[in-house]
Amino acid sequence: MEQTTEDYKLIFEKEGVYLHTNARRSNQETTIPGFIRIVERAGIPALEWSPLEQESGSATVIFTKKDGENGEEDSTFEPGYEPDWAVISTVKKDREQVPVKESGQWAFSLPLSELYSLRRARFSLGRNFLVLTSRGGHPLPALHFHRGGTRELLRAMHRYINLDQSPVDGRLFLAYPHEPGALPQSFDKLHLFDDAGSDLVSRFIHDPYATTFGGFSKVTNFFRAALRPPESPFVHRNPQDAGMPSQSDDEPGFELINCGVELGPRPDVRRGPPLAKWEEFLDPEGRVKNPEKIKELVFRGGITPSLRKEIWKFLLGFYPWNSTTKEREDMLRVKTDEYFRMKVQWKSVSEEQEMRNSLLKGYRSLIERDVNRTDRQNTFFSGNDNPGLTLLHNVLMTYCMYNFDLGYVQGMSDLLSPILFVTQNEVESFWCLTGFMELVHQNFEESQEAMKQQLLQLSILLKALDPELCDFLDSQDSGSLCFCFRWLLIWFKREFAFEDILTLWEVMWTRLPCDNFHLLIACSILESQRGELIGSQHDFNTILKHINELTMKLDLQSVLRGAEAIYLQLIQCKELPVKVQQVLGIYAPSSSGTDSPDSQTSETQHLLDQPQAETAASSSSRGPTYP
Numbered sequence: 001m002e003q004t005t006e007d008y009k010l011i012f013e014k015e016g017v018y019l020h021t022n023a024r025r026s027n028q029e030t031t032i033p034g035f036i037r038i039v040e041r042a043g044i045p046a047l048e049w050s051p052l053e054q055e056s057g058s059a060t061v062i063f064t065k066k067d068g069e070n071g072e073e074d075s076t077f078e079p080g081y082e083p084d085w086a087v088i089s090t091v092k093k094d095r096e097q098v099p100v101k102e103s104g105q106w107a108f109s110l111p112l113s114e115l116y117s118l119r120r121a122r123f124s125l126g127r128n129f130l131v132l133t134s135r136g137g138h139p140l141p142a143l144h145f146h147r148g149g150t151r152e153l154l155r156a157m158h159r160y161i162n163l164d165q166s167p168v169d170g171r172l173f174l175a176y177p178h179e180p181g182a183l184p185q186s187f188d189k190l191h192l193f194d195d196a197g198s199d200l201v202s203r204f205i206h207d208p209y210a211t212t213f214g215g216f217s218k219v220t221n222f223f224r225a226a227l228r229p230p231e232s233p234f235v236h237r238n239p240q241d242a243g244m245p246s247q248s249d250d251e252p253g254f255e256l257i258n259c260g261v262e263l264g265p266r267p268d269v270r271r272g273p274p275l276a277k278w279e280e281f282l283d284p285e286g287r288v289k290n291p292e293k294i295k296e297l298v299f300r301g302g303i304t305p306s307l308r309k310e311i312w313k314f315l316l317g318f319y320p321w322n323s324t325t326k327e328r329e330d331m332l333r334v335k336t337d338e339y340f341r342m343k344v345q346w347k348s349v350s351e352e353q354e355m356r357n358s359l360l361k362g363y364r365s366l367i368e369r370d371v372n373r374t375d376r377q378n379t380f381f382s383g384n385d386n387p388g389l390t391l392l393h394n395v396l397m398t399y400c401m402y403n404f405d406l407g408y409v410q411g412m413s414d415l416l417s418p419i420l421f422v423t424q425n426e427v428e429s430f431w432c433l434t435g436f437m438e439l440v441h442q443n444f445e446e447s448q449e450a451m452k453q454q455l456l457q458l459s460i461l462l463k464a465l466d467p468e469l470c471d472f473l474d475s476q477d478s479g480s481l482c483f484c485f486r487w488l489l490i491w492f493k494r495e496f497a498f499e500d501i502l503t504l505w506e507v508m509w510t511r512l513p514c515d516n517f518h519l520l521i522a523c524s525i526l527e528s529q530r531g532e533l534i535g536s537q538h539d540f541n542t543i544l545k546h547i548n549e550l551t552m553k554l555d556l557q558s559v560l561r562g563a564e565a566i567y568l569q570l571i572q573c574k575e576l577p578v579k580v581q582q583v584l585g586i587y588a589p590s591s592s593g594t595d596s597p598d599s600q601t602s603e604t605q606h607l608l609d610q611p612q613a614e615t616a617a618s619s620s621s622r623g624p625t626y627p
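The sequence shown begins at 1 in the UniProt record's numbering and counts up one residue at a time.
Take these hints with a grain of salt, some might be off.
Within a straight-line C-alpha distance of at most 20 Å, the following computed DMTMM-like cross-link-like pairs (lysine to aspartate or glutamate) qualify [stated by the list, open to error]: (1) 361 - 15; (2) 335 - 310; (3) 579 - 471; (4) 326 - 280; (5) 347 - 468; (6) 343 - 368; (7) 326 - 285.
No lab work stands behind these hints, which were simulated from the structure alone. Just so it is clear, the structure is predicted and the values come from calculations on it, not from any experiment.
Given these sequences and hints, build the entire structure.
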């Protein structure tokens, strides 16, 4: 009997789930991309996997394309390309009305009532995979989740079955039907994966708009819990709860950030001119005589464009500050040889070899796609067959050889393009990229622990600075600040004009005036939007939309002045909470070993003792000097 659309209901779907076959012949693929789904057919839930090539007649996620089809450049190319984790995707309206196609060689469908066990494991590079076994004892092909999604799948399965951990094997979970009248075991207690919540974060990276507008707000509490562990110093309170005692106020491990702390006035600061002289800072042998002064001037005003190519190599660790001209020449020769040895490694891989190396093949595919869409509005990367694109591709492929465990992750092309634009040199841009990645590589790790930590730290800062704004965001299920994810991931690369990014990054590379200055920049942007956010009574979706539409509309100098003023306001508070001090890197325990809320490092105290800082604390517009 022919199945009608009324008999079919799509419950869950995830793309990027690969089936790894045992094919060994060179003309066969060893990894097959596909979709995992939970569907109901005539009311019976089933788990189904189908390969991607079978989906041509079905609805699939379509990413907004800025470049032309079939590899040809679109003459109407628009600036502002966003990688896959930052574009609006569309879903065909008829998706739920299209049943899964007839199974091919590798496709399968298993009623959930026939699922006997589930074994979870982790690939050496951090990717999760699942091995399912039916009640007949037959294992299904292992499912590799290259884009995350295991936890989402298991949550969807939990609607129909219980999963109970085996007492003899912590990686094995046995499947049982729901017992009528019995409370199902809490899914969160199963701890199926150590990176609880990271799949949701990965989904947000991959496509934050679709994740959010497609129902993300319904699971905000789960996202918040993933980002804020139980020891979070953050207390959520809705506006209607004002005046009511918090349930967490007396719990150990909680420190209320807005517990009556008076921050004092926010000082006025002024930016300076860009660093325009270089030779006068070098001794006769070419050593930089006063690196701290250089960093101070760069922080204050950036670098004039003609000097960036030279000074960036010091800021990013390519050259040591105390190296002589002769030593730098020797370093360049060694680094050049090392670069081309790594480049030869991937250039010499044959097509047949690459077919048996799915990781390298995947890295190359991602790089080729992203290179064709990165900063194409910039003349250095515009047009067809542009040599700048070739350099971008070669450096990213060589980085895969340099750091194969990390390989290539979307967003890294955004970090390289400004460096390549400034240096216009393949070798120098590569080693500058490695220096940059030393600062931000944790942002791209699959566990996303560093990103969770930064969002938590941003929450702590914002709670101290503007508890009213935090209360509003909490009331709209936005207290996780997940809409700031892109800012922190690639250091605001998509938020400012290309020329502004050159200035912003060199300012941040000085590491002045404190740890996590990029979080103060985020606070400065958020506070500049508080009137629009609170005044318009945005909800979760419109908050995310508003923040993303700030791209190219922000004034960099205003944001930098605001971030520095916030820093000065915070460090001059004598009752600054310890958590805030820790985020800024200015906390030091007292000599007695007890916590001292207003204790500061000697470097910060020295900063406060400077005459420039005293003038900044008054109404002076000159601003402080940072040692």
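Status of the hints after comparison with the structure:
1. 361 - 15: holds (18 Å)
2. 335 - 310: At roughly 16 Å apart (the allowed maximum being 20 Å), residue 310 and residue 335 satisfy the hint.
3. 579 - 471: holds (19 Å)
4. 326 - 280: holds (18 Å)
5. 347 - 468: Given that 20 Å is the threshold and the Cα spacing comes to 56 Å, the pair is violated.
6. 343 - 368: holds (16 Å)
7. 326 - 285: Measuring from Cα to Cα gives roughly 8 Å; hence the hint holds.
When the structure is compared with the earlier hints, a violation turns up for hint 5 alone.
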